[in-house]
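Each chain is listed here by its residues.
Protein chains: 2
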Amino acid sequence: MNIISFPERTEWPNLLARPIQSTQQIEAAVAPILAQVRAGGDVALSELAKKFDQIDLSVEQLHVSANELDAAEAQLSDELKAAIRQAYQNIRLFHEKQKQPVEKIETMPGVTCWRKSVGIEKVGLYIPGGTAPLFSTVLMLGIPAQLAGCREIVLCTPSNHPAIYFAARLVGVTNVFRIGGAQAIAAMAYGTESVPQVYKIFGPGNQYVTAAKMLVAKEGIAIDMPAGPSEVAIYADDSAIPAFVAADLLSQAEHGADSQVLLVSTSKKLISSVNLTLTTQLGRLPRQAMAAKALENSKMILVETQADAIDLLNAYAAEHLILSIDNAEAVAEQIINAGSIFLGNYTPESAGDYASGTNHTLPTNGFARAYSGVSLDSFVKKITVQHITPGGLQNVGPVVEAMAEAESLDAHKRAVSLRLASLAEANPA
Amino acid sequence: MNIISFPERTEWPNLLARPIQSTQQIEAAVAPILAQVRAGGDVALSELAKKFDQIDLSVEQLHVSANELDAAEAQLSDELKAAIRQAYQNIRLFHEKQKQPVEKIETMPGVTCWRKSVGIEKVGLYIPGGTAPLFSTVLMLGIPAQLAGCREIVLCTPSNHPAIYFAARLVGVTNVFRIGGAQAIAAMAYGTESVPQVYKIFGPGNQYVTAAKMLVAKEGIAIDMPAGPSEVAIYADDSAIPAFVAADLLSQAEHGADSQVLLVSTSKKLISSVNLTLTTQLGRLPRQAMAAKALENSKMILVETQADAIDLLNAYAAEHLILSIDNAEAVAEQIINAGSIFLGNYTPESAGDYASGTNHTLPTNGFARAYSGVSLDSFVKKITVQHITPGGLQNVGPVVEAMAEAESLDAHKRAVSLRLASLAEANPA
Numbered sequence: 452m453n454i455i456s457f458p459e460r461t462e463w464p465n466l467l468a469r470p471i472q473s474t475q476q477i478e479a480a481v482a483p484i485l486a487q488v489r490a491g492g493d494v495a496l497s498e499l500a501k502k503f504d505q506i507d508l509s510v511e512q513l514h515v516s517a518n519e520l521d522a523a524e525a526q527l528s529d530e531l532k533a534a535i536r537q538a539y540q541n542i543r544l545f546h547e548k549q550k551q552p553v554e555k556i557e558t559m560p561g562v563t564c565w566r567k568s569v570g571i572e573k574v575g576l577y578i579p580g581g582t583a584p585l586f587s588t589v590l591m592l593g594i595p596a597q598l599a600g601c602r603e604i605v606l607c608t609p610s611n612h613p614a615i616y617f618a619a620r621l622v623g624v625t626n627v628f629r630i631g632g633a634q635a636i637a638a639m640a641y642g643t644e645s646v647p648q649v650y651k652i653f654g655p656g657n658q659y660v661t662a663a664k665m666l667v668a669k670e671g672i673a674i675d676m677p678a679g680p681s682e683v684a685i686y687a688d689d690s691a692i693p694a695f696v697a698a699d700l701l702s703q704a705e706h707g708a709d710s711q712v713l714l715v716s717t718s719k720k721l722i723s724s725v726n727l728t729l730t731t732q733l734g735r736l737p738r739q740a741m742a743a744k745a746l747e748n749s750k751m752i753l754v755e756t757q758a759d760a761i762d763l764l765n766a767y768a769a770e771h772l773i774l775s776i777d778n779a780e781a782v783a784e785q786i787i788n789a790g791s792i793f794l795g796n797y798t799p800e801s802a803g804d805y806a807s808g809t810n811h812t813l814p815t816n817g818f819a820r821a822y823s824g825v826s827l828d829s830f831v832k833k834i835t836v837q838h839i840t841p842g843g844l845q846n847v848g849p850v851v852e853a854m855a856e857a858e859s860l861d862a863h864k865r866a867v868s869l870r871l872a873s874l875a876e877a878n879p880a
Numbered sequence: 452m453n454i455i456s457f458p459e460r461t462e463w464p465n466l467l468a469r470p471i472q473s474t475q476q477i478e479a480a481v482a483p484i485l486a487q488v489r490a491g492g493d494v495a496l497s498e499l500a501k502k503f504d505q506i507d508l509s510v511e512q513l514h515v516s517a518n519e520l521d522a523a524e525a526q527l528s529d530e531l532k533a534a535i536r537q538a539y540q541n542i543r544l545f546h547e548k549q550k551q552p553v554e555k556i557e558t559m560p561g562v563t564c565w566r567k568s569v570g571i572e573k574v575g576l577y578i579p580g581g582t583a584p585l586f587s588t589v590l591m592l593g594i595p596a597q598l599a600g601c602r603e604i605v606l607c608t609p610s611n612h613p614a615i616y617f618a619a620r621l622v623g624v625t626n627v628f629r630i631g632g633a634q635a636i637a638a639m640a641y642g643t644e645s646v647p648q649v650y651k652i653f654g655p656g657n658q659y660v661t662a663a664k665m666l667v668a669k670e671g672i673a674i675d676m677p678a679g680p681s682e683v684a685i686y687a688d689d690s691a692i693p694a695f696v697a698a699d700l701l702s703q704a705e706h707g708a709d710s711q712v713l714l715v716s717t718s719k720k721l722i723s724s725v726n727l728t729l730t731t732q733l734g735r736l737p738r739q740a741m742a743a744k745a746l747e748n749s750k751m752i753l754v755e756t757q758a759d760a761i762d763l764l765n766a767y768a769a770e771h772l773i774l775s776i777d778n779a780e781a782v783a784e785q786i787i788n789a790g791s792i793f794l795g796n797y798t799p800e801s802a803g804d805y806a807s808g809t810n811h812t813l814p815t816n817g818f819a820r821a822y823s824g825v826s827l828d829s830f831v832k833k834i835t836v837q838h839i840t841p842g843g844l845q846n847v848g849p850v851v852e853a854m855a856e857a858e859s860l861d862a863h864k865r866a867v868s869l870r871l872a873s874l875a876e877a878n879p880a
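Protein sequences, first through last, are from chains A and B.
Sequence positions in the first sequence follow the working numbering and run 452 to 880.
Sequence positions in the second sequence follow the working numbering and run 452 to 880.
Be careful, since some hints might not be right.
If we take Cβ atoms under 8 Å as the criterion, some of the chain B residues that face chain A in the derived model are [to be verified]:
1. Ala534
2. Ala583
3. Asn626
4. Pro647
5. Lys651
6. Ala789
7. Pro841
8. Ala855
9. Ala857
10. Asp861
Negatives, chain A to chain B, calculated, CB over 10 Å [stated by the list, open to error]:
11. Ile477
12. Ala479
13. Gly491
14. Ala525
15. Lys669
16. Ala708
17. Lys750
18. Leu763
19. Pro849
Derived from the structure by calculation, the hints contain no laboratory data.
Keep in mind it's a predicted model, so treat the numbers as computed, not measured.
Virtual Cβ for every residue (Gly too), placed ideally from N, Cα, C.
Could you put the whole structure together from the sequences, leaning on the hints where they help?
Shown next as structure tokens:
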């Protein structure tokens, strides 16, 4: 990894910049796929599976049958099933606490306002195929959808891994479809004969999937958040254990060659030790080629003070931020930009990735400056409701009349004046 | 208004469809404006003010001085200032209750997770010029920004109406700029010499402003929500007062020729009465031309049963939904798609538009199926934090190891195994 010592603050923007992703070419490739699915429905999905994935899939085979889903359980080890069930329980507990009770608020006498949370009626989850079958993401998206009470939870995945099917059953997915890539996003955005149209689409994917999500978002389909390569920043001091820090850096780097990994420290000694053990640990990894490539673009930054470190981390806005430092909880209070924060030596990112209870769908690419990770909130809408009594309208009405008049919105004013006049007539003073 | 009686459910989608907005042409016009501001900064803003608004505005005049803001107060009537202050208080009270306390949750012994809310550091508010000076929107966006603790609140507006400046002062806007149109969105998205770059942009505007927001959203700047013409749906029965219903329909219609207005009822009598009084009331409005145009595209729909009405309203997903019916609160429980709901005969939409306390920035165009209106949540990020003790890692670690192995993410597993091994070594069983 590149080691940078005491960079000037003016150099920070360049140092912390993410690789620029040019999306135009990919969007140009994806737009016709969306159009084809929109026009051709199931038949188009079948044709695209043949064209891009060399798979013969009849229109009838798009939908994964209940029998196939049920059969998955028998194909998993008891150990893995128990692990998935425990993760399910932890994630469910953490997200359940995010439910907000309805609280009626009387803002003026007779003027009562509240918010009610309603699950988005139809949501779509995308789970990519590839070498790593991301059944953990089925839990991370499916559990809050289930808690929110979404009535239709559609899952599209090109993978037929039994753990994905098992997790889909656990979280109460209503329909699973054997569809991958940009065409899966199109199917859920527009609906086909088999696939229900949904109102919001969640989940990771390659650049084509990401581009498809951005294109349908422009058409009004909600998406979880914009996506970029996964990343971790670690702030470590001499209380950190170098082997643990190196292992955490590598667990991010193995995600892909474009992963972003950053180590910040005020200790030159810590940086040297981590760098040393990193090389040894890398040699033992099955995905070492990928991880090595990610490390090439990654940086270790030596700063003078803790204040510098905090400012730099807030400027970077990491998806995952590990604080392997003495006063981790106090420093976490000063972090204003991050997706998720991990405190101390025994809180590896992978715990949050799988099973501690927090969500692992988090804002990358600096989006943590404005976006939160996925939570129960992502699957509900909060509808405001208000009720005003005749007396309440007599209290708030004159305020509304004065403001509407000043904004030259006469009919707004009259909707109140008419009612006040009718009340005055009924009960003359 | 068009009256449609007992339409078949198969006709609903056409009946409830919003006018299609073609955005491609507008985006093509807006993209070069964004590029010009990005490259040219303040000078470009000055040039664009000359070009589009025929205003001579030096670079120094872009920023509205503290003196100018202070001077606004003296130009407003005491009545209006009192009204604005009362609205401020109501809106603030309602949004303050949306603050969520931090709750630490132990998902397994030794595994503690929580969420903290942090205000988005830099936000931008856009307030359009035009005939109606939308100082109410300054309150609706500025109050939650203030409550969230956003450190920089930028306001761009081409209007110099004293009520806008007065409201900006009340909500603690940090900087006001005399910039309108797509170029204002560009200035806040990219930053210029004068205008700070922000992370999220809020506020209404014409089609150019809307297109600019969608374009910068694609580049990763967060926006409040996609926008469309404002709309109201009213569900009324024989307990409704026709004159009130007509006034509410008109207060929506006066927003613009593209406003959407919908009346649903099981009572033919009610529909006839509303239609009659509507014509009389329309004749008295200053903005009657605009309102009449909006009414041309609007509909009164007679349905058979309350169940039909509820299904139809959920299918429409109105920005504003007024329930002028006997059992309004019970029916509101069955509404799953709406921006904001108004109950009974004395709760006009205009109360919520200005002063009851709820937010008036709401999802239009059917977006209420997946989006909420603006709230305190819109101005904060929720960062998850977790801390695991050594004993906690011994509890959750094996779950993580099993799942990471099944996902073929070896380094994720090792980050846990290494720690568990070190704990076992320190405390051999």
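Against the structure, test the hints numbered earlier, and report the numbers of the ones violated in rising order.
-> 3, 4, 15, 19
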